[in-house]
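Kindly produce the complete structure, drawing on both the sequences and the hints.
Number of protein chains: 2
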Amino acid sequence: MIFSGSNSAEILVIGDEVISGLIVDTNSKYLGERIYETGVGVSRITKIGDDFSIMEECIEQALQRSDWVILTGGLGITHDDITKSVLTKVFASNLHRDEKVIQMLEETFRKRNRAIPASVQSQCEVPDNCQVLYNEVGTAPGFRFERDGHVLFCLPGVPHEMKHLFERYIAPELVKHSSQTFSHRILKTTGISEADLWDKVGSIDALQKKVTLASLPSHLGVRIRLSVLTETGGKETLDEVEQSLRDRIGRYVYGINEETLEGKVGQLLTEKSMIIATAESCTGGLIGHLLTQISGSSNYFKEGFVVYSNDAKASRLGVEQQVLDKHGAVSESVARLMAEGVRRVSGADIGVSVTGISGPTGGSEEKPVGLTFIAVSDSAGTWCGKYIYTHDRIKNKERTAQTALNLVRLRLLGLLENT
Amino acid sequence: MIFSGSNSAEILVIGDEVISGLIVDTNSKYLGERIYETGVGVSRITKIGDDFSIMEECIEQALQRSDWVILTGGLGITHDDITKSVLTKVFASNLHRDEKVIQMLEETFRKRNRAIPASVQSQCEVPDNCQVLYNEVGTAPGFRFERDGHVLFCLPGVPHEMKHLFERYIAPELVKHSSQTFSHRILKTTGISEADLWDKVGSIDALQKKVTLASLPSHLGVRIRLSVLTETGGKETLDEVEQSLRDRIGRYVYGINEETLEGKVGQLLTEKSMIIATAESCTGGLIGHLLTQISGSSNYFKEGFVVYSNDAKASRLGVEQQVLDKHGAVSESVARLMAEGVRRVSGADIGVSVTGISGPTGGSEEKPVGLTFIAVSDSAGTWCGKYIYTHDRIKNKERTAQTALNLVRLRLLGLLENT
Chain A
6 MIFSGSNSAE
16 ILVIGDEVIS
26 GLIVDTNSKY
36 LGERIYETGV
46 GVSRITKIGD
56 DFSIMEECIE
66 QALQRSDWVI
76 LTGGLGITHD
86 DITKSVLTKV
96 FASNLHRDEK
106 VIQMLEETFR
116 KRNRAIPASV
126 QSQCEVPDNC
136 QVLYNEVGTA
146 PGFRFERDGH
156 VLFCLPGVPH
166 EMKHLFERYI
176 APELVKHSSQ
186 TFSHRILKTT
196 GISEADLWDK
206 VGSIDALQKK
216 VTLASLPSHL
226 GVRIRLSVLT
236 ETGGKETLDE
246 VEQSLRDRIG
256 RYVYGINEET
266 LEGKVGQLLT
276 EKSMIIATAE
286 SCTGGLIGHL
296 LTQISGSSNY
306 FKEGFVVYSN
316 DAKASRLGVE
326 QQVLDKHGAV
336 SESVARLMAE
346 GVRRVSGADI
356 GVSVTGISGP
366 TGGSEEKPVG
376 LTFIAVSDSA
386 GTWCGKYIYT
396 HDRIKNKERT
406 AQTALNLVRL
416 RLLGLLENT
Chain B
6 MIFSGSNSAE
16 ILVIGDEVIS
26 GLIVDTNSKY
36 LGERIYETGV
46 GVSRITKIGD
56 DFSIMEECIE
66 QALQRSDWVI
76 LTGGLGITHD
86 DITKSVLTKV
96 FASNLHRDEK
106 VIQMLEETFR
116 KRNRAIPASV
126 QSQCEVPDNC
136 QVLYNEVGTA
146 PGFRFERDGH
156 VLFCLPGVPH
166 EMKHLFERYI
176 APELVKHSSQ
186 TFSHRILKTT
196 GISEADLWDK
206 VGSIDALQKK
216 VTLASLPSHL
226 GVRIRLSVLT
236 ETGGKETLDE
246 VEQSLRDRIG
256 RYVYGINEET
266 LEGKVGQLLT
276 EKSMIIATAE
286 SCTGGLIGHL
296 LTQISGSSNY
306 FKEGFVVYSN
316 DAKASRLGVE
326 QQVLDKHGAV
336 SESVARLMAE
346 GVRRVSGADI
356 GVSVTGISGP
366 TGGSEEKPVG
376 LTFIAVSDSA
386 GTWCGKYIYT
396 HDRIKNKERT
406 AQTALNLVRL
416 RLLGLLENT
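Just so you know, the protein sequences line up as chains A and B, in that order.
Under our numbering, read the first sequence as residues 6 to 424, first letter to last.
Under our numbering, read the second sequence as residues 6 to 424, first letter to last.
For identical chains, the list gives no copy identity; a pair is met inside one copy or between any two copies.
The calculated lysine-lysine pairs, modelled on DSBU-like cross-linking and capped at a C-alpha distance of 30 angstroms, are: (1) K331 x K391; (2) K89 x K34; (3) K116 x K391; (4) K372 x K307; (5) K205 x K116; (6) K181 x K105; (7) K400 x K34; (8) K105 x K89; (9) K400 x K307; (10) K116 x K372; (11) K214 x K89; (12) K400 x K116; (13) K331 x K372; (14) K307 x K391; (15) K168 x K34; (16) K400 x K205; (17) K214 x K240.
Bear in mind the hints are in silico, worked out from the structure with no lab data behind them.
Keep in mind the model is a prediction, meaning the values are calculated, not measured.
This is the structure in structure tokens:
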């Protein structure tokens, strides 16, 4: 699936901080994915430090090998930002002050009531023989050089500036040169293991004739990526394969692409004009945090209780002390009383509760670390389930919150009966 | 700070999935950081697809340039795993079945009550002229080749297998060849901008003679990394520089290395035998979620209220309706009443509250998106502060929770007066 030769790109990432592991380089993943989507292949990603001669060598070699070279980093204003000097050597160029860059920087700093600081003045200087990629979201302009039909784009390393310039200047040019482009769609599933998911899907031979399938598992669910290379965007093909997968595993699919589980729950609550309230023990507030990641969530989320102690479970939600004494806080009985209690106390239409042992301490033979009960209650009654998670504390909490939201989704869809 | 020449390493990462952005490559960050710590410099990281001739060329070039080459990926059992074939060509080698690998795989599969599957049989074959790096945590062995004094290590790409083999075989060999090794310490600060932080630090000339300083800002605070290259570990030097920085900016330093803000708050609460309760509006439960990331937090965190609606603020925490009507939910008066209310209602020793407009909607001329009030209340009274955050909704929530925890830390340290 890798291209090379007549229409291939490579990526050069500059910076000591990247090769010494001081920061995670997310730029090359972004660029790799986006270039790939434009239909141009990525043949190589090279990361090097702020070293003049190595940079010079790498730029020369990349320009000889590849039609497109996309370089990021080293365009800032500190002493180790030497990319511009290297470029003037490679392209036998001189620097001049660019009027439009000066204007843009003056405007930026006028908003802060100051002149262009001395330290930023060097950003006004650009190489002679290139196209300037004007940066509306930062102070470092990018550059486009061309030699023997091969193109070098230079972008600053700050991720949101890099992305802005890539989308504004580079993606359109790459697409224009590609006869076919990649389209992707990601189906997001949760509540089923990767093996069971593909068992339920069954034979994928017919689907694989239409799209390339990738399965990306995590502790929160399996993402399925469909990819198709077409001249026309491939929407119909993606729609068809998505529908075919939904016919087999629709219950587990909560969204596509950028859609989130908490967004889906919010959408269903909004459609049904229902109010939700949360009663959290082991997740400590994470379910409420997720629900409120969505703008507008105040329309359906009124309140939550983080009842970490037994006292709080009793006094806030009316969980009887004798039930806590008899069954323990981590039990089906308590989870049910919490979900029913939070609904009653808050006046919400649907209540969700979690109680569990996140670990690494607090487990016993009878109640191991990871044991978790989750309940969902509405006017039709209550559902409760038992889970045993085997991740670390933080992942156990994340998985519990994800499962709770998924159970709310299923309940709202009428796919979760009382137990 | 980049080495090259007589004692430098480079990293080769193999895999279509890495250069097309399908997965985030975390291996090269891990390797970069760990190699750097052994005192060997990293001069280059190259990522390429599963392509025979490009792999061959890159291995040849890397072996000529660098003393150490560490390659990961392409040692699995699927048709695109061709690293072993490339190695036999580069080193003019043949494959033979390795008895110890066979034994280890038989043992692994015996535990699952099965014989070595046909698909895994190829893992028993290793090149003739290399040292086998036996893999106790997976099925793919690694290899160590040597040519003209330059060493190539090949590791599988599965992160935990890669790390295991690196630590077991490679790190000790690199350290043995380094007269000096790098030690790092990270000071974690919050509650101050990067520019103001370094203003307060003042001249760093004296410090920079002892250590290398790096400043790593994010919306949650600035991390300062101290690095020192020594024969002896450099603990005294790091201690001395850390103390010197703490003398100037100690108020803002909440921990070092892996320490977290929520862990520090937990430690202070434990030392003072104090109980905390939370009253969250805009953060939706994130503060409680962070507090409960710490094992043992049930000893000091009893409960929290997510009072997202005005009704909940009034009914759970006793915030008077007339104050809500007069000042609005996002106001200093309401934040104070929330912090005092949650302390009174829960019986906790210290209460923390947040109320704000996370955005992107809900702002007005008078109360813009990002306006946030945070209050901390204990037996000595109440502190309240006003903030305006300018990130997106999710980062605004994260920053609000971080600030709230930091204010609790300062209050517990006696560094936050009533307002």
